[in-house]
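Quick note on numbering: the numbering used here labels position 220 of the sequence shown as 222, and the sequence is numbered without any gaps.
Calculated directly from the structure, the hints in this document are not laboratory data.
Check before you lean on any hint, since a few could be wrong.
[To be verified] Lysine-lysine pairs mimicking DSSO-like chemistry, simulated, CA-CA at most 30 Å apart:
(1) Lys112 to Lys54
(2) Lys85 to Lys112
(3) Lys54 to Lys85
(4) Lys57 to Lys197
(5) Lys9 to Lys57
Computed from a prediction, not measured in an experiment: that's the story for all the values here.
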Amino acid sequence: MNTHFKKRVLFVDDDPVYHEMLSELYLLWGDGSWEMEFASSAYQALSMLQQKPFKLAVIDINMPVLDGMQLLVMIARRHPDIKLAVMTGHATAENRAFCLANGAELFIQKPRSADGMKMVFTMLNDLVSWTPGEGFHGMLRQVGLQDVIQMECLGRNSSILEIHNQQMRGRIYIEDGNIIHAHVGEQTGQSSLQKLLGLSGGSFQLLPFEKPPQRTIEGSWEFLLMEAARLHDETTSQPFPPEPPARPADEPPPAREIAAAADSSPRVMETLICSGTGDVLYEAHCPDAQARVRFMRQIAQAATSLGQFLPLGTFDTLEVQWSSGCEITQMRPNHMAYVRVALNGEQNPQLRSP
């Protein structure tokens, strides 16, 4: 591959074992597009930056003589074209605030699991690949709003995500990995969260955490993000039906219209979210959660087997429709989700046979 198109990245960390592990994994995941070099000290990193161009520098904080935060400031001043990220095992609120205020576009706690390492690679790959374009931009550039929230929640961080465009400005509060509050103007709560996540463009930035005036959001962050994504998809993908002729203000709707509207209103009858290993994270009205988990694992295994024989791309969502509703199953490496929606007045949330 032509080195002009390589993603040249400098990792600054004094742990040689960590260097070796990152080199093997990122070369594999990057499919040959990454060119990595490693520096074990701030002095060595500055020398290497003077000798050749890099697109991204990933810096550890805990290093001898000159620590990573001091190095971050120096690189930001001397090499303003290089994107900067901090990946450390000392992810305190004070370190986060300092690094984000002094040039870092990502502040990441060193992952301890395979899923975490793959997620960090994806974010670094997005950052090093970024070019200006439409949509959201800000402190994390190409990384999306939901990606940022997921990263903060998985890391059990506390922060404020400030979002704005020409029409509105709002904030999402995350405390210890939980979404606890959101507001847009005078509006607060889950509806504000959905409105902010539904924006098609704007700017955002991470701010140091401070307590909101009140807690207005409960529930797992996985369910909140999934619900916001579902509402956004419905809004953007479904055309608006033609408006019926206006009824006189003093004329009540016919009884059959009221009954039909009540019967046809979609209602979520079951919801189940679990980790990639099958641990239940959230459950609502699910008579047999373990049966659902086994069903999702069977679907995931079948999709993997199918992908080995047919070039159909990634298969991670299954939707089954019937006369009175539908079932949606989503399988991802780090989580699985099942939702059953009823129509036509179905009242009995009995478990359908997987």
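Here is how each hint holds up against the structure:
no.: 1; hint: Lys112 to Lys54; result: holds (27 Å)
no.: 2; hint: Lys85 to Lys112; result: holds (18 Å)
no.: 3; hint: Lys54 to Lys85; result: holds (15 Å)
no.: 4; hint: Lys57 to Lys197; result: violated (35 Å)
no.: 5; hint: Lys9 to Lys57; result: holds (7 Å)
Hint compliance for this structure: hint 4 is the single one not met.
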